[in-house]
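A.B. asks: Below are the chains, spelled out letter by letter.
There are 2 protein chains.
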Amino acid sequence: MSETIPTDSPANLTPLSELGEFGLIDRLTADIKLYHKETIKGVGDDAAVIAAGEKVILLSTDLLVEGIHFDMVYTPLKHLGYKSAVVNISDIAAMNGIPKQLTVSVAVSSRFPVEALDELYTGIRLACDRYKVDLVGGDTSSSNKGLIISVTVLGEAQKEDVIYRSGARPNDLICVTGDLGSAYMGLLLLEREKAVFRANPDMQPELEGFDYQVGRQLKPEARTDIRETLSGLGIKPTSMIDISDGLASETMHLCKQSGTGCRLYEGKIPINPQTRELAMEFKIIPSVAALSGGEDYELLFTIDTKDYEKIKDAEGISIIGHMTEASEGKAMITADDKQIELTAQGWDGMKNDGRGSI
Amino acid sequence: MSETIPTDSPANLTPLSELGEFGLIDRLTADIKLYHKETIKGVGDDAAVIAAGEKVILLSTDLLVEGIHFDMVYTPLKHLGYKSAVVNISDIAAMNGIPKQLTVSVAVSSRFPVEALDELYTGIRLACDRYKVDLVGGDTSSSNKGLIISVTVLGEAQKEDVIYRSGARPNDLICVTGDLGSAYMGLLLLEREKAVFRANPDMQPELEGFDYQVGRQLKPEARTDIRETLSGLGIKPTSMIDISDGLASETMHLCKQSGTGCRLYEGKIPINPQTRELAMEFKIIPSVAALSGGEDYELLFTIDTKDYEKIKDAEGISIIGHMTEASEGKAMITADDKQIELTAQGWDGMKNDGRGSI
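As given, the protein sequences belong to chains G and E, one line each in that order. When we follow the working numbering, the leftmost residue of the first sequence carries the number 6, and every step to the right adds one. When we follow the working numbering, the leftmost residue of the second sequence carries the number 6, and every step to the right adds one.
Looking at chain G on its own, in the form it has when it is part of the complex:
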């Protein structure tokens, strides 16, 4: 009797950091056997797709762990509840579906009073009201340490409306909604003020004037509105994904699943002016905050070039590049016209803080 973790000599064991998040997921989900014809799409997209009569059900789930995905020092519980719902709703939006039902499981240590869970659920309910999603399941248990939240969301779509990661073709235009990098700069701001506070608890945090960045980090929104915008423009994207890990990583997912390469244009990446200034202050290249920062929950999608005229003047949508043949590789053209290879990070194994980082 001993801890039942495999006990080969350590030399034969592989640390998680060696594979990284995406390598690990690939390994764990390789060669999965599917038994049911209703299972249209299993792992490998923002949500699973399951046939249900005329329609399909979309299914996505996320696990949020205190100290990894959020820091209780600066995350109000109401915002945390809201965000934990939104990040899942965003996955349904990324499939071009309509979010419908949600379940929430929570494990908490005894340091949380009932009122803390009330706050958390108030945030979850706010998101349910905002996005018209039904909270249909609840589960609570205790934890030895900290707060753990698991949210699962179900969505619905007509089968022909679902947009996968795998549909992009060479020459398709790469588009993104909103602006990128602000959520990450919000995180850096909060981390900085936390360090200041730790050093001197009498100091007041200097977050004023940065409501946008802090809000993007603590209380993101899901782009469920884009489905109607695009349908209004008469456009069906060829592929789509939401930006949780960063523009670089998500673009590479679309390329991998679609079997394409890509060219992104640094100068076209939409970045809020204040976020740009803030990045400079933090000595970060602004486009890097967009490429690797993550948590913006905007939508990244590709469209056929024939749809260019329809989309070119659409407010809040930027064309930032195009797909290529796979053989041309995945690259970004910098503002000074250099071509650099795209690299992506998911959570970085065990090497650092376990969340997408630069």
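What the hints contain is simulated information worked out from the structure, not anything from laboratory work. Errors might be hidden in some of the hints.
You can't tell identical chains apart in this list, so a pair holds if it fits in one copy or across any two.
Unchecked claim - With a cut-off of at most 27 Å between alpha-carbon atoms, the simulated BS3-like pairs for lysine-lysine come out as follows:
id: 1; residue 1: Lys164; residue 2: Lys60
id: 2; residue 1: Lys224; residue 2: Lys38
id: 3; residue 1: Lys261; residue 2: Lys38
id: 4; residue 1: Lys273; residue 2: Lys311
id: 5; residue 1: Lys261; residue 2: Lys311
id: 6; residue 1: Lys317; residue 2: Lys241
id: 7; residue 1: Lys38; residue 2: Lys273
Start from chain G and add chain E according to the hints.
C.D. replies: Just chain E now, with coordinates in the frame of chain G:
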């Protein structure tokens, strides 16, 4: 800036232990607003029920936390993976549905090598093969401490076949599949041997001859076979639930949701003879292991008295009591003919180990 847990004076805050699991769930899910007509049943049963064309989709989710729901010292990862799938599949069986798809999210600390996750997923896949369930979603992240597993399962049923907790009526017979209490005795055995091992690592664990009890704890099965058994007998239960928290607690759920009282007969509760002996050895009344032990994952259901003849000789199904008017209360008739009030424990808040216990 400070931890954003509500900061009322402690006197105004409510410790989680004061409400207990069921009180807490009631509080957090009170007055939920539902927006979609497809949402047939939200919180309050083994699974949510969602209309999907001619059929319904069943949705259930569970969160398993190391140190609360399992102990790595004596839980092989392969068994843990298997069990984490089975406990969810059991929820679908409890609605009289067919499990179809599964998602698994895992958070692990860096003490786990990749090979440990391989083991865990091997167990999950074994359950998927055994129960013909498609693994359709995967998510991994790091954790600061230990292993956390969240499993969500989707099932399917004809709308008219779904069995809720709420359909029992006074006089309905209370039935249970298999036998009860063995999983709990298996847990006590494992805990005892762990203590022995801690005191003297040279001692070999004495688990031999108790394969059944240890197996019930570490590698339970879901009673997905009962759907066909009952349909073969021409019986549709009036209510049903699976036994995760213990017979007492689950019976009380059926009573509460159905608006009835009940009488259980201690002498009728099916208990494995060896489990009975083992309980005595541990100085536990055997029926208490069945009533409050939990984790047997058998099905508890009620049937109309007119179905008595059909079920009375069915192998592996025991009639253990009957429903009454709510005003008659919830009670058990002991072997020596005394009437005692039923009491139920879910996880016991923060007072002890956070899992169903005596």
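A.B. asks: All the hints need checking, so say for each whether the structure fits it.
C.D. replies: Going through the hints against the structure:
1. Lys164 / Lys60: both (6 Å within a copy, 17 Å between copies)
2. Lys224 / Lys38: between (38 Å within a copy, 22 Å between copies)
3. Lys261 / Lys38: within (21 Å within a copy, 41 Å between copies)
4. Lys273 / Lys311: So Lys273 and Lys311 pass the 27 Å test inside one copy only (20 Å; across, 73 Å).
5. Lys261 / Lys311: Answer is within: at 23 Å inside a copy they meet the 27 Å cutoff, but 61 Å across does not.
6. Lys317 / Lys241: Only inside one copy: Lys317 and Lys241 sit 15 Å apart there, 60 Å across copies, limit 27 Å.
7. Lys38 / Lys273: Neither way: Lys38 and Lys273 sit 42 Å apart in one copy and 42 Å across, limit 27 Å.
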